[in-house]
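Peer 1: Protein chains in written order, with our numbering: chain A, 6 to 750; chain B, 11 to 332.
I should point out that these hints are in silico values taken from the structure, not numbers from a laboratory. Ideal Cβ placement from N, Cα and C applies to all residues, glycine included. Each hint should be verified, as a subset may be incorrect.
Some chain A residues well away from chain B (every beta-carbon gap over 12 Å; in silico) [what the hints assert, rightly or not]:
| hint | residue |
| --- | --- |
| 1 | Arg138 |
| 2 | Lys183 |
| 3 | Ala219 |
| 4 | Gly361 |
| 5 | Arg362 |
| 6 | Asn368 |
| 7 | Pro677 |
| 8 | Asn698 |
| 9 | Pro731 |
For lysine-lysine, the following DSS-like pairs were computed, each having C-alpha atoms within a straight-line distance of at most 25 Å [claimed, not checked]:
| hint | chain 1 | residue 1 | chain 2 | residue 2 |
| --- | --- | --- | --- | --- |
| 10 | A | Lys423 | A | Lys410 |
| 11 | A | Lys182 | A | Lys65 |
| 12 | A | Lys93 | A | Lys131 |
| 13 | A | Lys109 | A | Lys123 |
| 14 | A | Lys691 | A | Lys634 |
| 15 | A | Lys515 | A | Lys563 |
| 16 | A | Lys191 | A | Lys177 |
| 17 | B | Lys260 | A | Lys183 |
| 18 | B | Lys316 | A | Lys183 |
| 19 | B | Lys316 | A | Lys191 |
| 20 | A | Lys93 | A | Lys182 |
| 21 | A | Lys423 | A | Lys177 |
| 22 | B | Lys214 | A | Lys202 |
| 23 | A | Lys93 | A | Lys183 |
| 24 | A | Lys182 | B | Lys250 |
Chain by chain, the residues:
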Amino acid sequence: MNGNLSKLTSFHVTGIKPALEAEDAGERSFRPALFAGYGDLTKLRYDYPVVLVESAAGSKFAQSLSDVVDGILREIAPQGAAGERLRKHVLKLEEELRGLVSQKDGASLLDLWDAAEKSLLTRTEKAARDLLRDSLERARNALHVDGEVLDCDEATPTRFITRGWNVVQAAKIHAVKKRIEHLVLKLSDILRADYMKTEEARSAEIFRASVGTAYDEAFDFSAMSGILAKERAGDLLPDSRRQRVQAALTVLQAQRFHAPLHDFEQTVVRQPLYDFVFDSCAAALEAFRGRLPEMVEVIKAMSIAELEIQNLYRESRHEPFFERFDEGALGPDDLALFPSYLICLRDERIDPAEAGRIFELLNSDLPAKILVQTDDLLRNLSLSAGQTSSVGGLELGTMALGLNKAFVLQATNASLYKQREQIVNGLRRDGPALFSVFSGAMPRVAGVTPYLLAGAAEESRAFPVFAYDPAAGPDWALRFRIDDNPQAEADWPVHRMMYEDRDLQGTSEKAAFTFVDFALCDGRHGADRVPVARGDWHDDMIPVVEHLDLAEGHAPDKIPYVLMVDENDRLQRVVVDDKLIRAARRCGAMWHSLQELGGINNSHARQLLDREREVWEQEKGEELAKLAKRAEPAGDASPAVAPPPPAAPVETTIEVEAAAEAPSDEPYVETPRCTTCNECTELNSKLFAYDENMQAYIADPDAGPYRQLVEAAESCQVSIIHPGKPRNPNEPNLDELLERAAPFN
Amino acid sequence: MGIPVSECLLKLMAEGYTLDDYRGDIPPRWCTGCGDNGILAAVQRLCRDEQLPPERTVFVSGIGCSSRFPHYMNAYGFHGLHGRALPVAEGVKLRRPDLHVFVSTGDGDCCSIGAAHWIHAIRYNMDMTVLMHDNQIYGLTKKQASPTSPRGVKSNTTPRGTYLDPLNPLSVTLGVANVSFVAQAADWIPELLYDIISEAYHHKGFSFVRILQRCPEFMPHQFDPWVQNPDKMLLLTHEKGVQLSAGLSKVYRKQEAHDPGDLHRAREIASLSEQIPVGILYRDSDVPCYEDVRMVDRLHTPDVIKGVLEEEFDKFTIWPSE
Ligand SMILES: Cc1ncc(C[n+]2csc(CCOP(=O)(O)OP(=O)(O)O)c2C)c(N)n1
Ligand code: SF4
Ligand code: SF4
Ligand SMILES: [Mg+2]
Numbered sequence: 006m007n008g009n010l011s012k013l014t015s016f017h018v019t020g021i022k023p024a025l026e027a028e029d030a031g032e033r034s035f036r037p038a039l040f041a042g043y044g045d046l047t048k049l050r051y052d053y054p055v056v057l058v059e060s061a062a063g064s065k066f067a068q069s070l071s072d073v074v075d076g077i078l079r080e081i082a083p084q085g086a087a088g089e090r091l092r093k094h095v096l097k098l099e100e101e102l103r104g105l106v107s108q109k110d111g112a113s114l115l116d117l118w119d120a121a122e123k124s125l126l127t128r129t130e131k132a133a134r135d136l137l138r139d140s141l142e143r144a145r146n147a148l149h150v151d152g153e154v155l156d157c158d159e160a161t162p163t164r165f166i167t168r169g170w171n172v173v174q175a176a177k178i179h180a181v182k183k184r185i186e187h188l189v190l191k192l193s194d195i196l197r198a199d200y201m202k203t204e205e206a207r208s209a210e211i212f213r214a215s216v217g218t219a220y221d222e223a224f225d226f227s228a229m230s231g232i233l234a235k236e237r238a239g240d241l242l243p244d245s246r247r248q249r250v251q252a253a254l255t256v257l258q259a260q261r262f263h264a265p266l267h268d269f270e271q272t273v274v275r276q277p278l279y280d281f282v283f284d285s286c287a288a289a290l291e292a293f294r295g296r297l298p299e300m301v302e303v304i305k306a307m308s309i310a311e312l313e314i315q316n317l318y319r320e321s322r323h324e325p326f327f328e329r330f331d332e333g334a335l336g337p338d339d340l341a342l343f344p345s346y347l348i349c350l351r352d353e354r355i356d357p358a359e360a361g362r363i364f365e366l367l368n369s370d371l372p373a374k375i376l377v378q379t380d381d382l383l384r385n386l387s388l389s390a391g392q393t394s395s396v397g398g399l400e401l402g403t404m405a406l407g408l409n410k411a412f413v414l415q416a417t418n419a420s421l422y423k424q425r426e427q428i429v430n431g432l433r434r435d436g437p438a439l440f441s442v443f444s445g446a447m448p449r450v451a452g453v454t455p456y457l458l459a460g461a462a463e464e465s466r467a468f469p470v471f472a473y474d475p476a477a478g479p480d481w482a483l484r485f486r487i488d489d490n491p492q493a494e495a496d497w498p499v500h501r502m503m504y505e506d507r508d509l510q511g512t513s514e515k516a517a518f519t520f521v522d523f524a525l526c527d528g529r530h531g532a533d534r535v536p537v538a539r540g541d542w543h544d545d546m547i548p549v550v551e552h553l554d555l556a557e558g559h560a561p562d563k564i565p566y567v568l569m570v571d572e573n574d575r576l577q578r579v580v581v582d583d584k585l586i587r588a589a590r591r592c593g594a595m596w597h598s599l600q601e602l603g604g605i606n607n608s609h610a611r612q613l614l615d616r617e618r619e620v621w622e623q624e625k626g627e628e629l630a631k632l633a634k635r636a637e638p639a640g641d642a643s644p645a646v647a648p649p650p651p652a653a654p655v656e657t658t659i660e661v662e663a664a665a666e667a668p669s670d671e672p673y674v675e676t677p678r679c680t681t682c683n684e685c686t687e688l689n690s691k692l693f694a695y696d697e698n699m700q701a702y703i704a705d706p707d708a709g710p711y712r713q714l715v716e717a718a719e720s721c722q723v724s725i726i727h728p729g730k731p732r733n734p735n736e737p738n739l740d741e742l743l744e745r746a747a748p749f750n
Numbered sequence: 011m012g013i014p015v016s017e018c019l020l021k022l023m024a025e026g027y028t029l030d031d032y033r034g035d036i037p038p039r040w041c042t043g044c045g046d047n048g049i050l051a052a053v054q055r056l057c058r059d060e061q062l063p064p065e066r067t068v069f070v071s072g073i074g075c076s077s078r079f080p081h082y083m084n085a086y087g088f089h090g091l092h093g094r095a096l097p098v099a100e101g102v103k104l105r106r107p108d109l110h111v112f113v114s115t116g117d118g119d120c121c122s123i124g125a126a127h128w129i130h131a132i133r134y135n136m137d138m139t140v141l142m143h144d145n146q147i148y149g150l151t152k153k154q155a156s157p158t159s160p161r162g163v164k165s166n167t168t169p170r171g172t173y174l175d176p177l178n179p180l181s182v183t184l185g186v187a188n189v190s191f192v193a194q195a196a197d198w199i200p201e202l203l204y205d206i207i208s209e210a211y212h213h214k215g216f217s218f219v220r221i222l223q224r225c226p227e228f229m230p231h232q233f234d235p236w237v238q239n240p241d242k243m244l245l246l247t248h249e250k251g252v253q254l255s256a257g258l259s260k261v262y263r264k265q266e267a268h269d270p271g272d273l274h275r276a277r278e279i280a281s282l283s284e285q286i287p288v289g290i291l292y293r294d295s296d297v298p299c300y301e302d303v304r305m306v307d308r309l310h311t312p313d314v315i316k317g318v319l320e321e322e323f324d325k326f327t328i329w330p331s332e
């Protein structure tokens with residue numbers, strides 16, 4: 006072991022930085038080697054900037070600039086060479102626009118578009134300008150969306166989720182608002198119809214006012230009123246009903262949860278509408294609880310209105326019910342009629358009390374949509390042994406899974422756009438939802454954009470992407486997804502890295518991206534790493550990922566390193582201390598549990614599979630042994646096994662032949678076949694009567710003579726009356742009647 | 011959207027209508043033996059079984075014996091003009107899509123004077139149940155030939171018998187664009203009559219049921235061959251149509267498994283001459299209803315109504331100053 010190597014070993018184990026001769030670690034900035042290609046993102050087409058499209062529905066609320074531009078090109082640029090010029094020009098504009106976004110925070114797409122157009126045109130030589138202008142004009146005509154443009158930074162998660170919430174909210178509540186306005190209108194109709202019956206409504210003054218002064222001379226309003234007053238207008242509503250209708254109407258008009266859709270005559274002054282966006286759970290809970298009595302009133306008023314409008318309100322039955330109607334009676338269906346509460350939190354500001362409230366909300370039926378944004382993902386790394394830290398966004402996400410009740414989405418700024426369907430999903434559900442988002446805007450990380458850092462957090466399993474939707478089905482397979490992570494099947498994603506060696510020959514090498522690579526982006530962990538000069542590279546240095554594969558403490562003599570590039574894009578091996586390795590192991594373990602939940606390498610399934618395989622192999626073995634035995638030449642030929650007799654063909658059609666009814670002595674009617682023609686009932690309505698379906702039967706066989714039974718049988722057009730045998734042997738002409746009855750018995 | 015009237019509230023208000031609740035104030039004044047009686051009984055049963063609130067149910071008719079139907083129902087009714095039942099019903103449905111709309115019309119009312127409305131009502135496909143009481147004669151006006159009278163029927167208007175083949179209401183209906191439900195029932199098979207009307211009621215769209223209806227007064231024995239010989243009837247059964255009870259199956263042995271989605275076969279069945287088919291000939295649940303197509307997302311508030319009216323009036327107003 007050369008001198009430097011032993012120093013490195015001791016650094017790895019103790020974390021005490023050695024003074025190395027060859028390289029000066031100093032304050033040099035290193036980036037993970039895989040980042041080398043991603044210096045200036047404005048040159049790349051990726052998910053950002055994102056346009057928060059105005060008046061869009063569902064997951065269309067966000068569209069990446071690239072998607073917008075692709076849409077335009079599909080519309081205007083023909084495939085192949087013919088569209089080449091347009092494509093080139095429009096993509097140039099896109100690049101220009103990307104550059105502008107970071108300078109003009111919050112600008113709209115149209116404004117940026119115009120600015121980008123202008124700067125591009127002024128920078129273009131005169132000769133080429135006309136063609137460029139033509140391309141841009143065509144593109145501009147095909148641009149059909151506008152809205153705020155978002156870059157990927159610290160503010161992104163809140164702005165993105167808030168817009169999604171707004172869009173979902175508007176759509177979800179639209180039907181409720183419509184319903185409420187319909188109820189208001191119908192209740193007003195009831196009161197108005199009632200008013201029209203009053204004397205006041207039929208007074209001369211009212212008629213005069215409704216016709217207007219222009220024709221004052223032409224009408225005799227008093228005479229008109231006199232005539233109409235004489236007409237009976239029907240009863241007025243009972244006072245109790247009118248008051249009930251009026252009260253419900255007032256509640257619905259004054260309620261502050263829903264903005265009106267139409268502006269029509271309000272008879273009640275409404276206070277400003279409620280706000281539903283909060284920056285702490287405490288505030289949201291307080292608001293929710295404070296509004297509960299009002300929510301109860303609204304639900305009550307809606308229910309009463311529905312009943313009143315359908316004329317189904319019965320005081321004796323409904324009064325006691327509504328008297329007892331309180332907060333306890335509000336169910337999830339009722340809560341769904343109100344907007345949800347959006348709570349935007351920052352991970353570093355969540356104290357234990359707030360964390361408790363988050364779980365309280367996530368474990369409830371309340372419509373709380375909680376965004377927890379994490380900026381400093383590695384703050385716990387600098388804790389020394391014995392120190393504890395509060396629960397952060399990373400822990401919240403996995404802990405919330407255990408509640409089994411709330412929707413949970415964990416994502417980063419790099420995948421927000423990809424996850425927009427899931428976001429809308431979680432916002433649409435009636436119950437609580439947690440969105441835990443890592444922004445990538447880490448303090449003290451210079452030279453790496455938030456987008457890249459967020460991506461690195463996903464890549465390194467430091468902040469995996471997952472979604473848990475309890476409404477998606479009964480089991481984890483349907484509810485839980487981790488497949489949006491890079492190479493979700495693997496422990497760590499592996500990439501092929503291309504670089505030039507010392508002889509400027511292009512080579513490539515496979516490199517895994519681990520938690521260590523991610524952690525080293527953070528300037529604070531400069532202390533945990535030591536770059537090693539090429540001359541000191543040694544066989545006992547192994548890549549971190551190999552080190553992590555070894556069981557803990559198994560290779561005390563191996564020194565783990567990662568590949569990084571310095572400011573000159575030169576590849577370096579960087580040795581890290583054991584603390585980082587331990588953190589990486591924890592991260593890997595957490596990833597494994599997520600994988601298991603997501604159905605990848607599930608340990609139970611694997612055990613079951615192993616057991617089954619064992620059983621199967623054993624059975625197979627026995628069978629083979631048996632076969633082998635049988636194959637041995639035997640003295641007496643064993644009888645061939647007879648094939649089972651062919652199964653009798655299954656009867657597919659079943660003839661339901663009801664047993665023939667024995668001719669009865671009692672008279673009867675085949676009631677289900679009766680056509681309600683009135684023939685028999687008119688003949689004798691005591692003998693024949695209709696049942697609850699208005700079909701005839703023999704109500705009282707003694708209510709008429711046998712003769713009437715026979716006559717009815719003869720006049721029944723569908724021949725379903727059977728007179729039976731005479732009950733009175735002394736009735737005259739029985740012989741003749743029996744003969745006539747014969748065909749009907 | 012969950013309407014806050016919870017199940018529990020609905021139970022609180024369940025009235026439990028009986029068949030009597032659907033009976034009008036006056037007893038039916040149809041002749042004894044008239045098939046209309048059975049149709050009325052079937053419809054009253056349906057209303058009871060579906061628990062239709064009388065105040066949310068409307069019966070519309072034209073003129074004829076059959077068109078007296080609304081009088082015998084306790085519900086809203088509109089005994090309209092001869093041939094004009096359908097336009098009235100369409101108006102009701104367009105403005106009040108929440109109501110259950112039934113139409114009773116006769117073969118004269120529907121296929122003669124009202125034929126134009128009939129064709130267009132099929133095309134509009136508005137959600138209503140149309141019962142065409144076909145007794146093959148004008149009953150109310152005491153026996154005049156109708157478009158469905160069989161050739162040769164002697165009547166007050168055709169003393170030497172009719173000269174033309176009758177119009178086939180089933181084939182006509184099946185030939186119109188947007189047709190969505192066509193069935194045939196016979197008043198003398200009440201069990202099926204009920205089932206078919208029930209299917210028609212549950213179909214969303216214009217459900218046309220031609221009911222062969224006996225008129226013992228002016229067409230006595232007209233249907234006797236079929237009433238007396240069940241083998242002359244062809245019962246259409248299908249899992250997507252109606253199914254027969256064991257008892258009925260025994261009496262009516264001629265059956266065909268007919269898929270109501272098969273328009274081609276439906277047209278063939280409609281044209282049978284000797285046998286009378288009974289059952290659901292055609293059903294397509296995907297045809298849009300006019301009231302849905304024309305649904306406006308606008309509340310008819312008093313202000314809106316006033317505004318629209320003022321606008322219309324202004325078009326005709328002569329202002330004194332001008
Ligand atoms: C405009 C007009 N024309 C003619 C009549 C006379 N009229 C009354 S009922 C009727 C025919 C009814 O026949 P149908 O519709 O088959 O009813 P049914 O009586 O057979 O049930 C006629 C022509 C009328 N009432 N109004
Ligand atoms: S005569 Fe026959 S069909 Fe008519 S009511 Fe009586 S049993 Fe029914
Ligand atoms: S005339 Fe015919 S259709 Fe009219 S009531 Fe009498 S039997 Fe019925
Ligand atoms: Mg008729």
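Peer 1: Measure nothing beyond the straight line between the CA atoms of lysine 423 (chain A) and lysine 177 (chain A); if it is 25 Å or shorter, mark the hint as holding.
Peer 2: Holds, at about 22 Å.
Peer 1: If you draw a straight line from the CA of lysine 423 (chain A) to the CA of lysine 410 (chain A), is it 25 Å or shorter?
Peer 2: holds, 24 Å
Peer 1: Are all beta-carbon distances from arginine 138 (chain A) to chain B longer than 12 Å?
Peer 2: holds, 42 Å
Peer 1: Within 25 Å, alpha carbon to alpha carbon, are lysine 93 (chain A) and lysine 131 (chain A)?
Peer 2: Holds - the C-alpha atoms of lysine 131 (chain A) and lysine 93 (chain A) are around 18 Å apart, at most 25 Å.
Peer 1: Within 25 Å, alpha carbon to alpha carbon, are lysine 316 (chain B) and lysine 191 (chain A)?
Peer 2: With Cα atoms ~17 Å apart, lysine 316 (chain B) and lysine 191 (chain A) stay inside 25 Å; holds.
Peer 1: Between the alpha carbons of lysine 260 (chain B) and lysine 183 (chain A), is the straight-line distance 25 Å or under?
Peer 2: Violated, at about 54 Å.
Peer 1: Starting from lysine 93 (chain A), check that the Cα of lysine 182 (chain A) is at most 25 Å away, please.
Peer 2: violated, 48 Å
Peer 1: Given the hint that lysine 316 (chain B) pairs with lysine 183 (chain A), does the C-alpha gap stay at or below 25 Å?
Peer 2: Distance of about 21 Å is within 25 Å: holds.
Peer 1: Taken at face value, is the distance from the CA of lysine 250 (chain B) to the CA of lysine 182 (chain A) at most 25 Å?
Peer 2: Violated, at about 38 Å.
Peer 1: At 12 Å, judged by beta carbons, does asparagine 368 (chain A) keep clear of chain B as stated?
Peer 2: At about 22 Å from chain B, asparagine 368 (chain A) clears the 12 Å cut-off, so the statement holds.
Peer 1: For the pair supplied as a hint, lysine 191 (chain A) and lysine 177 (chain A), confirm whether the alpha-carbon distance does not exceed 25 Å.
Peer 2: holds, 23 Å
Peer 1: Any Cβ of chain B at or closer than 12 Å to asparagine 698 (chain A), or is the non-interface label fine?
Peer 2: Incorrect as stated: the minimum Cβ-Cβ distance to chain B is 5 Å, not above 12 Å.
Comparing the model with each earlier hint shows violations of hints 2, 3, 7, 8, 14, 17, 20, 22, 23 and 24; every other hint is respected.
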